[in-house]
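Chains as they are written, first to last, in the numbering used here: chain C, 922 to 1402; chain Y, 922 to 1402.
For the record, the hints were derived by calculation from the structure and aren't laboratory data. As the structure is a computational prediction, the values presented were derived from the model and not from experiment. There's no promise every hint is true.
[Stated by the list, open to error] Facing chain Y, from chain C, some residues (calculated, C-beta under 7 Å): (1) 958; (2) 965; (3) 998; (4) 1014; (5) 1018; (6) 1068; (7) 1080; (8) 1202; (9) 1294; (10) 1296.
Don't be surprised by glycine CBs; every beta carbon is placed ideally from N, CA and C.
2 protein chains.
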Amino acid sequence: MANEKKMVEQITSMNTDFAQWYTDICKKAELIDYSSVKGCMIIRPYGYAIWENIQHLLDTRFKELGHENVYMPMFIPESLLNKEKDHVEGFAPEVAWVTMGGNEPLTERLCVRPTSETLFCEHYANIIKSYRDLPKLYNQWCSVVRWEKTTRPFLRSREFLWQEGHTMHATEEEAREETVRMLNVYADFHEKDLAIPVIRGAKTPSDKFAGAEDTYAIEAMMHDGKALQAGTSHYFGDGFARAFNITYTAKDNTLAYPFQTSWGCTTRMIGGIIMTHGDDNGLVLPPAVAPIQIVVVPIAMHKSPVVLEKATEIYEQLRAAGYRVKLDDSEQSPGWKFAEYEMKGVPLRIEIGPRDCEAGLCMVAFRHNLEKVSVPLDAIAGKAGELLETVRSEMYKKALQNRESKTYACRTLDEIKSVRAEHGDGFIKAMWCGEEACEDQVKAETGVGSRCIPFQQENLGATCVCCGKPAKSMVLWAVAY
Amino acid sequence: MANEKKMVEQITSMNTDFAQWYTDICKKAELIDYSSVKGCMIIRPYGYAIWENIQHLLDTRFKELGHENVYMPMFIPESLLNKEKDHVEGFAPEVAWVTMGGNEPLTERLCVRPTSETLFCEHYANIIKSYRDLPKLYNQWCSVVRWEKTTRPFLRSREFLWQEGHTMHATEEEAREETVRMLNVYADFHEKDLAIPVIRGAKTPSDKFAGAEDTYAIEAMMHDGKALQAGTSHYFGDGFARAFNITYTAKDNTLAYPFQTSWGCTTRMIGGIIMTHGDDNGLVLPPAVAPIQIVVVPIAMHKSPVVLEKATEIYEQLRAAGYRVKLDDSEQSPGWKFAEYEMKGVPLRIEIGPRDCEAGLCMVAFRHNLEKVSVPLDAIAGKAGELLETVRSEMYKKALQNRESKTYACRTLDEIKSVRAEHGDGFIKAMWCGEEACEDQVKAETGVGSRCIPFQQENLGATCVCCGKPAKSMVLWAVAY
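Start from the sequences and build out the full structure, keeping to the hints where you can.
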């Protein structure tokens, strides 16, 4: 068991240093590596396989709703970026600029896309002519670049992978529906597939996407009580359409501007999975995106040839049933293997030893709660789906409990301060008047920023937690990643 | 039929102007669009759907052979690019340089990856320690940038999409096997899935990839007799391993350098599909990658409600059987629809009219030869697979016939000249002494360059077609895209 111990010992405990625990998992579970490209990460096979599963599940949902994938250039000429005033103000300070092509300086510098609204708008101006061309429901999977000063794997890196949906609609109503529909797709994906409970809401005006009329987000609570913005959806009105002169002939033969949305989810979700579900033994993966859903570990293979035979049989049955399953019949000790697959967050481990074979049983170990149950060998393939669903639902409940136990309703700034002094990070619910000055003051005095105005409002009093003037809405406040 | 005529007339005939015909198809079949980003293309939904099908088919083959996907940063610091001398010489003149991050100049400029050998090598140096870590079989799907002066959609653009495999092996033999194995995967994919016959061979030394010991390629003949390099696979020896100090402890406990390969295929394949199979009515797509494999067109729907009923029934049957099928019950005329789906290269069109319904029949129109057959309505779903396989095999045969009819064996430079004067572009087979000077002279005098030294050699005489000295091998010569 020496190896096993060594491996587990290498991880900092999450209670000792959550940030270090996070980085340890990223490295030891072989999700990422660093390179000489500062602020960027290498996504290793195990990390990338999680991303591929995420892509597949989200892409299927997008396509079922009629969205089509496209690919836009990765460069944006400076003059194109400059077309929408708010947008360029938001992004220009954090883009990477290409100024040389081969050995020659470019006549106009190009930024590496930080997001692609401008490119989509230029294209839409070309291809949208009539109401018959609407809606346009496009999406792209690509990498984008934002020149961040402080970076952390998955959470904030200079380059990251994402999808960006960009849609155009004939009416404001339809565009607004799309904005919320896609936020709900993200929420549903997080809750059902990633087992991460999320709060849906609108960003306050100061926190909107550059150029958007409204920005919606889903906010998840990490194990340490901090918030992670896990997906955003924006309603643009016809602002970009006017800036890019996108017009179409409506049914009544008048010329009109279409209404626009965009929405995006990124590799940051992998950071969310780690910090929502992980523990001191390593990663804990939701079954829907786990590269290996079930690992079969034969025990004491040398004692009886039946062990490997049975293990192989179970492996083949599970594979045939469509699960992502691995048989580890390597020379490593069972202890090493247990630690390894715990570190990698494999949801179910099936152990088969000589005595199990005689008794017609196998041991199923659950990663999420480290418990074990005994299951008849001939029932395991049929029961695997149910077991994985149990894992998912218990992971979700555990995450929800964590959130509920760290969510506090506060009516005064002093209450926020004392909650934070006593409990540390968590979600604060408190009323707000709608003024940016109050947002700033809450942040300055208590450390928590406004995360969103939840769709599910509660009435926690009639006055703003900060200025005491009439409150407009309940805001979710937290320290965020 | 006015619309139909108009649409078809908009395409230049391939015999009038092949280059214009090509560009017309790219635009009219809605594969691409241009933007203000010079030399880059927008891949539109129909074009991108072809790419997604290509990705899926190739990725499945890669994974079956044990390859894993990863994601490397899109930037390469100049010092890293400079580590392997031949490599940087080949690529530095054609890369895009990022020199500013936000508003600050970078201390070291970064190139946007033109290919990722250097990044993979840096990572491999980190993670390869022991013979147990070998082989490493990594692949990545991404976009790359090469600052080309003259660009054409799919064939040559400043940014393109591709996959790049990068593998490391304990022995030269194993690495050499991998190099050829992956070339064969490309060849098999082209012949079976894209219905494009290819010639496998080695590049001559002057035409090798920058830094490679050997480069292999598959060469396809386009309809106009020109060659298209459709995929390459490189054997690197341990050159990069030495430059990047990648070492591992071998079984005998000595320190050793691993042997390396890389191999890539790009969106250029879509250009190959267009120029191999297309005709004056537009695109002709191989069933394996066609976004729509079968389109069902109800005729004279207004005459009998049974028409749409039957068409829907057939559509549902085909969909349930797993085909990518579309039912077009829009208001457009049948003539417009026929022209539209011919332009888009849909392999099979099923027409169902009132009289067909009465007779229990439908008409199946083949895109590749524009022929039609009558098929019983209740047999069509069961027969579709066979029909699509017929399409594939006839497309392949037609392409092979084109290649064979335009391939010429030549024994003297004069023969090459007269073949070219008489027949125009095609493949020339001729013997070669192995000297670069002769390659250059053949090119200068006849216009054809060496494409590859085919694996399947023929003996066309004992002397070099150019200098008359003893010949080493038969070379395939052609004008290339």
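Here is how each hint holds up against the structure:
no.: 1; hint: 958; result: 4 Å, holds
no.: 2; hint: 965; result: 6 Å, holds
no.: 3; hint: 998; result: 5 Å, holds
no.: 4; hint: 1014; result: 5 Å, holds
no.: 5; hint: 1018; result: 4 Å, holds
no.: 6; hint: 1068; result: 4 Å, holds
no.: 7; hint: 1080; result: 6 Å, holds
no.: 8; hint: 1202; result: 23 Å, violated
no.: 9; hint: 1294; result: 32 Å, violated
no.: 10; hint: 1296; result: 30 Å, violated
The earlier numbered hints that this structure contradicts are 8, 9 and 10.
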